[in-house]
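Asks: Got chain P; can you put chains W, D and R on it based on the hints?
Residue numbers (my numbering), protein chains in the order written: chain P, 14 to 500; chain W, 33 to 171; chain D, 15 to 337; chain R, 179 to 827.
No wet-lab data here; the hints were simulated from the structure. Ideal placement from N, C-alpha and C gives every residue a C-beta, glycine not left out. Since no wrong hints were added, every one of them can be taken at face value.
Here are some, though not all, of the chain D residues that point toward chain W, as calculated from beta-carbon distances under 8 Å:
hint, residue
1, Thr283
2, Ile305
3, Val309
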Amino acid sequence: MTRRITIDPITRLEGHGKIEIFLNDEGNVENAYLQVPELRGFEKFAVGRPAEEMPRITQRICGVCPTAHHMASTKCLDDLFKVDPPQAAKKIRELFYSIFMFEDHTLHFYFLGGPDFVVGPKASKEERNIFGVLGKVGLEVGQKVIGIRKKTRDIMTEMAGKVIHPVFGLPGGISKPLTKELVKTIKEVAREGVEFSLFSLKFFDDLVLKNKEYLDLIKSDIYTNRTYFMGLVDEKNSLNFYDGKLRVVDPEGKEYLKFPVKEYLKYIDEHVEPWSYIKFLFLKDVGWKGFVDGKDSGIYRVAPLARLNVSDAIETPRAHEEYDRMYKTLGGKPSHLTLAFHWARLIEALYAAENMERLANDPEILHPNVRKIPTATPEEGVGVVEAPRGTLIHHYKTDKRGIIEEANLIVATQNNSAAINMGIQKAAKALIKEGKVDEGILNLIEITFRAYDPCHGCGTHLLPGHVPLEINVYKKSGDLLHSFRNH
Amino acid sequence: MSFEPKIVAFLCNWCSYAGADLAGTSRIKYPPNVRPIRVMCSGRVEPTFVLKAFASGADGVLICGCHPGDCHYMEGNYKTARRIPLLKKMLKQLGIEEERVRLEWVSAAEGARFATLVKDMIAKVKELGPSRREGGFDE
Amino acid sequence: MSKPKVAFYWCASCGGCEEAIVDLAEDILKVVEAVDIVFWPLAMDIKTKDVEAMPDGSIATTFINGAVRLSEQEEMAKLLRQKSELIVAFGSCAHLGGIPGLANFFDKKEILETTYLTSLSTSNPQGILPQEETRVKEGILTLPKFYDRVYALDQVIEVDYYLPGCAPPKDLIINAVTAILEGTLPPKGSVLAPSKSLCESCKRNESKPEKLRIKKFFRPHEVIIDQTRCFLDQGLICVGPATRDGCGARCIEGNMPCRGCFGPTEKATDMGANALSAIASLIDSQDEDEIKRIVDTIADPAGTFYRFSLPKALIPKKRERKI
Amino acid sequence: METIKVGVYICHCGVNIKATVDVDKLTQFSSDLPPVSVAKSYIYLCSDPGQELIKKDIEEFGLNRIVVASCSPRMHEPTFRKVLRSAGINPYCLEMANIREQCSWVHDDPVTATQKAEALVSAAVAKARLLEPLEEKEIDVIPAALVIGGGIAGIQTSLDIADTGFKVYLVEKQPSIGGHMMQLDKTFPTLDCSACILTPKMSDVGNHPNIELHTYSEVVDVKGYVGNFQVTIKKKPRYIIEEKCNACGLCVPYCPVEMPDPFNMNFSKIKCLYIPFPQAVPSKYVIDPTHCRYTLKRECKQCELVCKDLKAINLKQKEQLIQVEVGTIIVATGFDTFDPILKPELGYGLYPNVITGLEFERLSSASGPNLGDLLIHGKKPKEVVFIQCVGSRDKSLGNEYCSRVCCMYTAKQAHLVREKIPDATITIFYMDVRAFGKGFEEFYDRVKQEGVIYRRGNVAEVFKRKNRLIVRAEDTLLGQPIELEADLVVLAVGMVPSKDSPGVAQLLKLSQSADKFFLEAHPKLRPVDTASDGIFLAGCCQGPKDIPDTVAQASAAAARALTLIAKGKVAIEAAISVIDEEFCSGCKTCISLCPYDAISFNAEKGISFINEALCKGCGTCAASCPSSVIVARHFTTEEIMAQIEGVVL
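This is chain P alone, in the form it adopts within the complex (with noise of 0.2 Å):
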């Protein structure tokens, strides 16, 4: 007799997520999907805008990170409108890129993936959201939290009009220059991200790693998947969010693929699956073989951890200590253990503050002239940054009046999807045995996709309440057998 578990949501991801868990007559886990029941159409309903609207309007894919949607895009009108803005303008935008990247993976580290860990994978769903965070850091930490928030994010507001889809991006620039009172005020946040990002990174080596059940757990089978990886690195293959080539290495760590954005389609392809909304991205070359892992399947992780095992170091010192002392701990790169997404998000969150000390501190970030206006024809453009999920690539081609006519977008977490609908498998397989599920199964499951941090992740851990989990075991006759909440 086959059970079938619902858990829906798990979280968002484009939308948010069902997972399908069919047990078989012993009651261990037969199959589970992860099923993304959420489709707008972006890439239809782009054609016949005018292309530099693009920015504004893409990023309502997802208003978590829509930093990442209107820098993407602005990057691909500049590439489609071959224009190359003036060095004041790519360093605002690669400013204003890193103060996004460190105020939402510490939004995601505290806020959203965290509570697992801080107040332990076991802990009861009162505990796990951000009071429960609070409970274990202490309210003056949580404080922190929120007010470093709330600054970024300011910062961010006056920068770009809205920190919630921003404005200013244009092809060959931005809308407006950086004012000398802005870019004191950025140079302390800065500096206080960074202590944050150190202090963060210390409580997760105090919380975590000096907990050996935590360590076990990281490193357990699993959360492992052995899978290729990509991301973008610079030309020295350092880490890198805003601008460079995209690497990809394989279970071994060796480059496999290194290429400029433009050929990605010579690379990556999209495989459709009838029961979700969501496509899979594999590896051309290698080919997409279903649900499994290893070299031979074209399956291939991004986000922090895959960024990490793709770059070869980080630029700014104090990241570049912490990235050697991860792979130090947990045996070697790359790492496959989906867990080490958090630890390796922290550090990616420091390296971001580093990085916005830098360009604060960068006396041509004050330049006035931040426009060049394109005159050449616009015909296709690609553009790419590291969103915090994970690569994102914008694709346009219009017409010569540069209205769309084709959309094409790889959003980050889709690069992702087939991992993550991997590890569920997995985690549902190894800990659901005998029809026994409980609570805790259920967060050990939740785990392994919160560590993907799939966007939309937001509202779960926020307020008190919780990811509301419900598992029915059904007979084949569909009756309910056996039901259980968590809530």
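Replies: Below, chains W, D and R without anything else, positioned relative to chain P:
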């Protein structure tokens, strides 16, 4: 039964409405598909009215004003002449063919012309067929 | 006395509205103390049961963000309506359809085909499209129905209040929540924002000439944008005059014209038509051909004037061509 | 909140409507419409019993909105508004459905015509239930009039108004009033001496206590609205101090500069220090600055020196601006004669003995260059050819209209030739002879009796052969080409709008009809009114006229103006646009669109504001308000939206 389009006509009081009246007093016949609405000036015609007409089931909209230079209010007709081309462009994007909207100048003396205009427009809209209304939920 | 129960639910949205609530920062704690949040988020299967189990009207206020694009969103909205005393449409998408509403320029078929068959990076040799029901070897997997068009929330259920904006600004959220808690809400159906247009509070309105005339329209990337002059006076299309005030002129602060996320003003019937009429009327020509030339400098009128409000327009979806 | 009770009244208009529209079905249909309390049909609603029927129902059923389905509102809206008023409800609570001109008269099939009538009625009802009562405001009228133009029209209007006891400001751009009429010799068909009948009126004007005459002046700015205009008059320097000059003329001999005499159509010469003509009013000299040596190059001050006692001459005189306030304005800016240079085939300007009708008037006038002798190069012409319709009824020139005077003045001029040169051969080429006025046909007969040859034909060209003028034409009756020799060819040039009229139209916001003459408010029922309240038309500025018609219209204009002034109050348009202050954000969009500058920006309130007295209710502003906060009264967006739903029924 053959398709009988509904055409809403906005006529300015001073020229076009008078022109339509003249068609009447001169007993010049035209089909009843056209449904006139009197406004003081073609400049009063809001693009909203045109959308409303289509939303309410019209298959075409005719807007008539005084000839350029003859506007009773001096320039009202020019204001409309600025709005309609942009409106047509927008309607096209909404799947409403440009031919379904017409802006014409009809003077108080052009009763015959009004009749011809109406006949011609009805014929053209008949060719286009009904302007389909968007349905509700698709189940 | 027990705290009022509050629920949150999202339809076709980006999560920006949730972020807006996170951005309340310290203030969020006040809210939390004052109310009892019964779910956030809600998931389809279970919540259906959960909510069905609740007595009608037992939720004081439900905030719903996002547009209605999928069947489950409509079903849930209806259920929540039944269980809630007040429904607040939160943010542009619930209020007007929002950016996802631009999908109404196309029908379901076009969208699915582009996304899953023809998009540049898709390899889909068997031409598989997502199905509402898929039989896998272990059983049947279901997906919600993808509708033929996008709906604003009040097109599927009755909405009591609207909180506009993409995303709604902090002060308006706080005011709204306070008004709910203190029972100082305006008449039902109100938009919880100022009733005039953005020009009311726009600093640049002073620089706007009384006799404004436009000879050519520019697209934002075609000119260096003056940081103090009225955008329309620079030939840049700004829908501020037709857009409700209350956002704090955030885009204008970012030196970009208003995009219209707050939707139409109190008295307006059709935002796009209103904006179009106002802007076209300013065209500086009486010559037919020249007018046409000037009009052609407006690249995407429908997408510009209905950027956030197409599903609420008098013609809310592109009409099918004659077969 | 009053409950809306609509009454629908359907007129048979005898058979005019009934024959095509099923009025019973329509009545039934109407009574089924939700807000309708009562629906009735009647054979003639505009008749007294018809009106009574409506009044009675209003009282009996307490109706507060009335729909009349009958003829065009342009026909009977005023009638039925009166009915409402007399029944004690606001006249603006009326809506008409035009089921005659735009339905029964233009459709044949009773079924579809009735369906359309139903749609029209349902639309009218839909609008009616939303109609708002409107209050007609009144404002004071300044008891004074401005008359622009000192020709016979302006003179007559001024006298009529002034005689009634009201102030008149008469502005004439020439140094003297009199206009074209003063240049004419005799007038048709009575052959009075034009000057003789005109000069008494001119001196009346000059001496009238209520008339303030501004000659050699122009109106340069008009602000305000009906009942309350602020006018700026520019007085050009005539270099003569009017108060001092006694027209003794002692200065003239000392003026060294001669110039062609415009009054005599340049047939003779005068000094550039001159009086336009002996009977000029005012009888004051004027110095032509385009010829005077002093004004041109600061040489010669002879005249000023001569006039040492009166000191009436001041060569340094500057133009001055005069402000006056009036309640009404009469436009009498007259016409120009068509310039035949535009028809080169007729040889005008090329051959001195091809002249225009007006030039003929001067040549033949007793006060003209030859004191009445009709001489061409000192000889009496023996062969005289008149050509009619020059510049009139001519599509190629865009002058499709008939100038209405040429046929008769040509006949008169032929008669004068006959009188002065009994043995001359006189031929008139004509298209049709239009002798429609009182005594015209008789006069035309008389001229034919006098042996004037009327030949129906189009003149192809006028050219010279061996020093004789040859007129080549086609005789359309004989259908053969002919050539005539001529010593004198007179072109019966028509009238064209005065070259100043575009400027005047701008100034007063007047509409012009296709022929570019000023447009009257209604061709039949308001022939002297204009679309701009308080501004009236007199004489040829509205279209070609002869003297009696001009005088008649001038008096009519005076009467219309007087009704305003005499009443002392004027109701301003009630169906105007108003801005809802509560919702206006002051985006200024409307301001630049108002053709009447009725909208202004109130900086301290930060909103736009409509001056009710200036607004004419076109509704353009309402149509463009991005916030839809401008209410175009009686044509509100809600009302029209309701109408649309009704009409597509």
